[in-house]
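Each chain, written out:
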Amino acid sequence: MSTSPVREFRRSLRRVDATSSVVEPAGFDAALADALEEPAVGAPLPFADLSLSDHPVALDPSPRELRAARTGVTGSRLGIADLGTVAVESRGGGDELTALFPERHVVVLRASDVRPDLESAFAWLAEEFDAGRDSLVFETGPSATGDMGALVQGVHGPEAIHVLVVDDE
Amino acid sequence: MSETDAGRLASLVSRARSRAARPDADADRIRRLLAEEGDQIKANTRHFNAERYDRIDEIGAERHERYRTRAREIKADAIERLPELIDRVRESVADNGGTVYIADDAADAREYVAEVSEGADAERVVKSKSMTTEEIDLNEGLEARGLDIWETDLGEFVIQVAEESPSHIVGPSLHKSREEITDLFEAQFDPEESLDSAQALTEFAREYLGERIEAADVGITGANFVLADSGSIALVTNEGNARKCASVPDTHVAVAGVEKIIPSIEELHPFAELIARSATGQAIPQYLSLLSPPVDTPAVDFDSPDEPGFGGSDAERDFHLVLVDNGRTEMREDDDLRETLYCIRCGACANSCANFQSVGGHAFGGETYTGGIATGWEAGVEGLDAAAEFNDLCTGCSRCVNACPVKIDIPWINTVVRDRINRGKDPGLEDVLVDGLVPDAEEPGTPLRKRFFGNFETVAKVGSATAPVSNTIASLTPVRRALDAGLGIDVRRELPAFQRETLVEWAEGRATVDDPERRVVLYPDVYTNYVQPERGKAAVRTLEALGCAVTVPDVGGSGRAPLSQGMIATARDKAERLAADLGDHLDAGRDVVVVEPSALAMVRREYEKLLPAATYERLDDASYEVFEYVYGLLENGAAPDALTAGDGDGVAYHSHCQQRTLGLESHTVAVLEELGYDVLTSDVECCGMAGSFGYKSEYYELSVDVGESLADQFEDTDRTVVASGTSCTDQIEALLATEARHPIRLVAP
Ligand code: SF4
Chain A
1 MSTSPVREFR
11 RSLRRVDATS
21 SVVEPAGFDA
31 ALADALEEPA
41 VGAPLPFADL
51 SLSDHPVALD
61 PSPRELRAAR
71 TGVTGSRLGI
81 ADLGTVAVES
91 RGGGDELTAL
101 FPERHVVVLR
111 ASDVRPDLES
121 AFAWLAEEFD
131 AGRDSLVFET
141 GPSATGDMGA
151 LVQGVHGPEA
161 IHVLVVDDE
Chain B
1 MSETDAGRLA
11 SLVSRARSRA
21 ARPDADADRI
31 RRLLAEEGDQ
41 IKANTRHFNA
51 ERYDRIDEIG
61 AERHERYRTR
71 AREIKADAIE
81 RLPELIDRVR
91 ESVADNGGTV
101 YIADDAADAR
111 EYVAEVSEGA
121 DAERVVKSKS
131 MTTEEIDLNE
141 GLEARGLDIW
151 ETDLGEFVIQ
161 VAEESPSHIV
171 GPSLHKSREE
181 ITDLFEAQFD
191 PEESLDSAQA
201 LTEFAREYLG
211 ERIEAADVGI
221 TGANFVLADS
231 GSIALVTNEG
241 NARKCASVPD
251 THVAVAGVEK
261 IIPSIEELHP
271 FAELIARSAT
281 GQAIPQYLSL
291 LSPPVDTPAV
301 DFDSPDEPGF
311 GGSDAERDFH
321 LVLVDNGRTE
331 MREDDDLRET
341 LYCIRCGACA
351 NSCANFQSVG
361 GHAFGGETYT
371 GGIATGWEAG
381 VEGLDAAAEF
391 NDLCTGCSRC
401 VNACPVKIDI
411 PWINTVVRDR
421 INRGKDPGLE
431 DVLVDGLVPD
441 AEEPGTPLRK
451 RFFGNFETVA
461 KVGSATAPVS
471 NTIASLTPVR
481 RALDAGLGID
491 VRRELPAFQR
501 ETLVEWAEGR
511 ATVDDPERRV
521 VLYPDVYTNY
531 VQPERGKAAV
541 RTLEALGCAV
551 TVPDVGGSGR
561 APLSQGMIAT
571 ARDKAERLAA
581 DLGDHLDAGR
591 DVVVVEPSAL
601 AMVRREYEKL
611 LPAATYERLD
621 DASYEVFEYV
631 YGLLENGAAP
641 DALTAGDGDG
651 VAYHSHCQQR
661 TLGLESHTVA
671 VLEELGYDVL
681 TSDVECCGMA
691 GSFGYKSEYY
701 ELSVDVGESL
711 ADQFEDTDRT
721 VVASGTSCTD
731 QIEALLATEA
741 RHPIRLVAP
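So the protein sequences, as listed, match chains A and B. Be aware that the first sequence starts at 1, since it is given in the working numbering, and climbs by one per residue. Be aware that the second sequence starts at 1, since it is given in the working numbering, and climbs by one per residue.
Calculated directly from the structure, the hints in this document are not laboratory data. Quick caveat: nothing in here was measured; it's all calculated off a predicted structure. Honestly, I wouldn't trust all of these hints.
Here are some, though not all, of the chain B residues that point toward chain A, as calculated from beta-carbon distances under 7 Å [as the list claims (entries may be wrong)]:
id, residue
1, Gly155
2, Ala198
3, Asn241
4, Ser247
5, Gln286
6, Leu288
7, Ser292
8, Phe310
9, Leu448
Just so you know, even glycine gets a beta-carbon here, dropped at the ideal spot from N, CA and C.
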């Protein structure tokens, strides 16, 4: 059972109806350009070497831009391999809003941040809480409801999720 | 039937009739809900239930069990330390910059939320799903103060528009079909385009509610968990609405029962594993939100649509955590209701309940809460009257016990509340119920009908002593009418036929195996002894063929019948007597073998509540279901060729609900297969008969509706139908018009 965490992560993402791609750091810009559907909004990525600034992504958007955006880009410091879960953190850059309003959520995540399961994710979470970073959302697949008589994806949150895994290992 | 017995029966019936106990209204209501909501409820709850089993299989029963054990420990500890944890939450939320308010009751909570809203100059409030706000009638409270309030969870939105109450803890609108929602929305909103698909309805609701969220001044959420150390709340949703309600407006009010507090993030882990798997059969919900408000996410000011920085609002975020007591402190001090506070409101007890699957929460629920645990919540929060409305719908089948992620003994809570309702008195007052049919000795308040069913052993004794005349008399139309009118025993049900020779009488003085491998007491439960002695004889022959010396002692009932009527004192009395009687046999090195699963479950499960620990443990260790025992004998080298082999014969087997809860279905299947039978098993949770339940007039149609699911599974089979419980065989025979026997009768030599 020694599949790499990223492979398992991607398999889980497929299972929860999310798509994914893996790129070397050098290929990040091209891959992100592929993943975007414009107009796009974004929250600053929490990684020193990766940035949204060369892309047509509005940071600190106005409410009108937020409402009109088709894609929202956020960075995540956690992936859970066996669930296909990513973390959306509460930050001043508005990650939560960016991940929630547009119909498409693009998540940028480093391969080294993929953890095997919920248990290891909670170990990480405990450290985060200790460091005072204690507001975030575990997001698993597109938002969904069965309340209208059949399963529908895309309710108050996105109907499509794409995870861009940057292979930093 | 002797003159005195007949006189007793007549007096019983006339007294009961004079009480006018006949609940016609109940029957009508159940009939209407079966027709109007049954199909929808059935499809949805069974889907959730099946998904739950699948997801648990995926991670393995053992791992799931580990989380359940841990979750229960955490809840037990947290409720024990509740006052201290409340203090901790006050501190941590204040340190974060928020406010905690402890609301004593519903009115107090409503008033506080209204004041906060008014303080924020709010006109519009948006909400995400919260049962606690339903409990305190928050929407009505805020509307009365002139606020415009919107539910953003789509299920709650449907209910809000329809002006109905939730029919399920998790899926408030799951009694409604897509077509009904289309009709409802088209009539209410008059949209330009037809809303004739789930997709169209969802899009409409997203737009409609999206506008309301954008214009909201206050967002109200519940909290599935509150973390004391960090002052965080955890929210479980699939739609993403909770996060929007919490982060778009700058004022966030979270309303939760005080019981939702756990110590820290570390304790959240097992619940994160359990909650969605138990609720809807998802490994994890789409959104598990952890918020330690006020959050860093900027509030969005849609009034400044072109300002960057989300509208550039410089308003400070304001956060209020309203912890609602509303009876919970008293529940915490109540030894029997306390466990209710461990509930994480996953709805698994509703989804796994055969009666709920048929009739839903509009029958099986009170003011706010629905399903198995609703009895505990309603009794604690609203009082016994609210619980009394639906408490009898729990048959004690116990299928929810294994489903519950925090291992609450839900049937026990139902039984205790039933007992309190029977007494019509405040809890804690000591009362003694007198065992017997004598109406004069009756506990004030205890309905005679409950006493009748609760004393089934006495009825059986009299019936058997006078059989077959008693059976003939009981089947006479005027008698059946009298039983129906007086005791609410439905005329459409065939009554159990009592046998003249009981199992105990048959076994008396009978020679058994010399020099046995093991010594066994075959327990003559009331059904096996008086109604179905043949299965008892088959059990004796089987055990003897496998080298056991078998005794059938003249001992009393297990107490199952009185317990199921909520007559705990009588049940305890029976338990004590049986334990004493069987004690002598245990001393002599005998094992106790039980044919009727409901009697075995009494000894192995409920006696833990009724007897001193040591007595319970000794009996629990020494008692076996008959196939469990046969399985053990065969495993230990007994030769199966002494039994009747199957030669590939087809068997359709329905295990008994309580037997399955004890994990004992597989033994029967294994033995039958080892003997060469080809076994098909049912996968319904319960046969719907459940002892006296299916006999009661107002529940007859519900019982049949539940039973039909079982009948459907066996309908076209040419297999021999077998079932472990007396109720199950009665139900199958009634619905399939085929003979159903206990499987021991197949394999006995
Ligand atoms: S009692 Fe148990 S199964 Fe029922 S809703 Fe509560 S936690 Fe879930």
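Checklist entry - Would the hint on serine 292 (chain B) stand, with a C-beta cut-off of 7 Å toward chain A? => result holds, 4 Å
Item to check | Satisfaction of the asparagine 241 (chain B) interface hint, Cβ to chain A closer than 7 Å | outcome: Hint on asparagine 241 (chain B): holds, closest Cβ of chain A at ~4 Å, below 7 Å.
Item to check | Status of the hint placing leucine 288 (chain B) at chain A (closest C-beta pair under 7 Å) | outcome: Holds. Min distance 4 Å.
Item to check | Proposed interface contact between glycine 155 (chain B) and chain A, which counts if any beta carbon pair is under 7 Å | outcome: holds, 4 Å
Next on the checklist: Under 7 Å is the threshold here; is the Cβ of serine 247 (chain B) close enough to any Cβ of chain A for the hint to stand?
Outcome noted: holds, 5 Å
Checklist entry - Holds or violated: glutamine 286 (chain B) as interface residue toward chain A, Cβ cutoff 7 Å? => result Check passed: Cβ of glutamine 286 (chain B) comes within 5 Å of chain A, closer than 7 Å.
Checklist entry - Hey, does the leucine 448 (chain B) contact hint survive, CB to chain A under 7 Å? => result violated, 45 Å
Item to check | Closest C-beta approach of phenylalanine 310 (chain B) to chain A relative to 7 Å, hint status | outcome: Nearest chain A Cβ about 6 Å off; hint holds.
Next on the checklist: Checking hints one by one. Is alanine 198 (chain B) an interface residue toward chain A, by the C-beta closer than 7 Å rule?
Outcome noted: Because about 4 Å separates alanine 198 (chain B) from the closest Cβ in chain A, which is inside the 7 Å limit, the hint holds.
In this structure, the one hint that does not hold is number 9.
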